[in-house]
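Visitor: So the sequence lines, in the order shown, correspond to chains A and B.
Take the first sequence: its position 75, counted from the start at 1, is 75 in UniProt numbering, and no numbers get skipped.
Take the second sequence: its position 363, counted from the start at 1, is 363 in UniProt numbering, and no numbers get skipped.
Derived from the structure by calculation, the hints contain no laboratory data.
Please read all numbers here as calculations on a predicted model, not as lab measurements.
Be aware that one or more of the hints could be misleading.
Said to hold, decoys possible - Covered stretches of chain B (in silico footprint by chain A; criterion: 3 or more residues with CB under 8 Å from a CB of chain A, positions within the stretch not fixed):
1. 23-34
2. 82-90
3. 234-245
Claimed, not checked - Some, not all, of what chain A presents toward chain B, calculated at C-beta under 8 Å:
4. V83
5. R87
6. G111
7. L170
Idealized CB from N, CA, C, for every residue including glycine.
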Amino acid sequence: MELELGLALPGGDLIAELGLASEKRTGTCRKRGFDDMFYGATSPPLFVHKDGDDDDGDDDDSRFNHLQELNLGSRVLVGWPPVRVSRRKGEEGGKRRVNCVKVNMEGVAIGRKVDLSLHDSYQALFLTLSQMFPKKQHDGEESDAAYYKVTYEDEDGDWMLVGDVPWELLCSS
Amino acid sequence: MVGGFRWAAMFPDEVWEHVFSFLPADADRNAAALVCRAWYRIERRSRWRVFVGNCYAVEPAAAVRRFPEVRAAAIKGKPHFADFNLVPSDWGGGAEAWVEAMVEGWPHLEELRLKRMVVSDDCLELIARCFKNFKVLSLVSCEGFSTAGLAAIAANCRNLRELDLHENEVEDNCLHWMSHFPESFASLVTLNIACLEERLVGLLHRVPQLVDLGTGKFAAQHHPELFSKLESAIAGCKNLKSLSGFWEAGPTYLPAIYSVCEGLTSLNLSYATIQGPELIKLISWCKNLQRLWVMDLIEDDGLIAVAASCKLLQELRVFPSDPYGAAQPISLTEHGLVAISAGCPMLHSVLYFCRQMTNAALLTVAKNCPNFTCFRLCIMEPHTPDYITRQPLDAGFSAIVESCKHLRRLSLSGLLTDLVFKSIGASANCLEMLSVAFAGDGDAGLHYILSGCKNLRKLEIRDCPFGDKPLLDNAAKLETMRSLWMSSCSVTLGACRQLARKMPLLNVEVINERKRGLPLELQPDNCPVEKLYIYRTVAGPRSDTPSCVWILR
Chain A
1 MELELGLALP GGDLIAELGL ASEKRTGTCR KRGFDDMFYG ATSPPLFVHK
51 DGDDDDGDDD DSRFNHLQEL NLGSRVLVGW PPVRVSRRKG EEGGKRRVNC
101 VKVNMEGVAI GRKVDLSLHD SYQALFLTLS QMFPKKQHDG EESDAAYYKV
151 TYEDEDGDWM LVGDVPWELL CSS
Chain B
1 MVGGFRWAAM FPDEVWEHVF SFLPADADRN AAALVCRAWY RIERRSRWRV
51 FVGNCYAVEP AAAVRRFPEV RAAAIKGKPH FADFNLVPSD WGGGAEAWVE
101 AMVEGWPHLE ELRLKRMVVS DDCLELIARC FKNFKVLSLV SCEGFSTAGL
151 AAIAANCRNL RELDLHENEV EDNCLHWMSH FPESFASLVT LNIACLEERL
201 VGLLHRVPQL VDLGTGKFAA QHHPELFSKL ESAIAGCKNL KSLSGFWEAG
251 PTYLPAIYSV CEGLTSLNLS YATIQGPELI KLISWCKNLQ RLWVMDLIED
301 DGLIAVAASC KLLQELRVFP SDPYGAAQPI SLTEHGLVAI SAGCPMLHSV
351 LYFCRQMTNA ALLTVAKNCP NFTCFRLCIM EPHTPDYITR QPLDAGFSAI
401 VESCKHLRRL SLSGLLTDLV FKSIGASANC LEMLSVAFAG DGDAGLHYIL
451 SGCKNLRKLE IRDCPFGDKP LLDNAAKLET MRSLWMSSCS VTLGACRQLA
501 RKMPLLNVEV INERKRGLPL ELQPDNCPVE KLYIYRTVAG PRSDTPSCVW
551 ILR
């Protein structure tokens, strides 16, 4: 099954960039509309890329909790509930099947391939993605935070926000 | 002790050695070694069993030098939270340095137990070749080796008595590694290979004397011929006391083990997706069970049946079949736990995953089981209150620590305020290990723990609002403990730097997996620390840290 992931900054004409046309969205039973995610999205950003320069010292950061930002409900918490990887569903004799997906980032010509089976959680995936697609400084923009959104196209052709479903479910779909 | 008089010389060394052999615990031997130089010398030459709780607490060569006559060693590597992917995979815990030192200094080693370490095939080959009288190999939660390495063990260790390999990540590249075992393998008593597939029946015929059997994934298809072969092979193992595995056996295979159930003292079905009714049927045969590990598919009804038939039960672990709640709900609640606590008078160790709890149930459990040594409750949704009163579960857990005076290990969950930590700090005098997640209101919570709990050895905390102050105020306490893990709390880099400067006998490891911005040395003091691992050591900073780990000095 081909899974395509897309990385994009908020705003910008992503639909045009990724060649998506409105016919992708089927009427009544569409899941989260593609537009909803980037214009007037109410859910918190999935993947926060904090700028490296912390020397102006945000005071409210003293209780900053990196991992909670990745928390979209208890299903996406890393290492919780505290069960070993081998106890999670979908392990067949512990053998890993390769599960590669293509990842494209807005504004980057060359896409990358990511093997989902080498990752056991959203946090691991986001780490890999952040290493594959390092953040670039944009002139004149707010430098304290830039947000990436990770999306994917599911089997119905709808664009989904990555993180909505438990990690295991995403990998097996 | 009379000054100057060499009273130790009243008896020959052998007599003192004999006396020391009655000392039950390492702590007692350690105390004896401090009495005088003669006792230090005699004790170190007669200690044959060592336990190294943190592989980085001491240099391997130093340990080998101090105790030259060791026959049995147990070593632990990664922090416990590594089991749940909270520790970077390249963090460390490699076994090579230890194996090389042991091969050099303990050629008569017979027993090696490693937990949460990275063990290469080279290590296994070294062990297989160099320890001529090797009898016991136990690798638990380890990784880095393959079945080729196990083949070397099977082929060379002719006196192997125990091979315990559970919960490991093993690369399966040598299909028939078990065929390297000798034809007649009269010495093997424990075989636990629950992480690997294997041809079970053939093996069982070669080792009918097995006392402890752990199987890997077992065939899912029902095959009458295989069934009867398995049944007779297992029936032939008349000494079987402990059974685990049967990962994917359908319920049709379970009757194959009925013949040995009465003799079983330990049964681990925590990987077997067997439903409640079949479980109840199976367990009703196991009247002598002392240890039972199951999935929550057993449900409350199953636990009530266990409480009725397993009167010798000492340890119960109930694991979640569906940790992420995607499937339909299971009827395993606080009622099951209460039933077990009421029906099993010898119960002292519990691990229980569930989705709801009440203070009243915990109070009842505390009253029924004052002899608990280990109580680990995991309510799967963080911050879950008492579902009837909507109150935090402070009262329930407080009752546990106040009633169970011998409690050594405790894991908390649910909605908890600083009050529970006040109780724990005040009452948990035997507590050695505490696991905390999503609990507490602020610094006071951590301060109660670190300023109380006089026997605390290991503390692991995640996602709690604990900050710098209690750490710095209780810095000296950290040197009395084996280790402290804190992740997703409110600790800053500045506090870690202060702690490292103040406490030279601690390694303060800051783990930061997001590689961006300034290197850690240049980050300001108020930079938040994602993950922190502090442990006491006489070996100084280790040299095998990966790029995401900084050791502050």
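Visitor: Going back to the hint list, which numbers does this structure go against?
Guide: 1, 3, 6, 7
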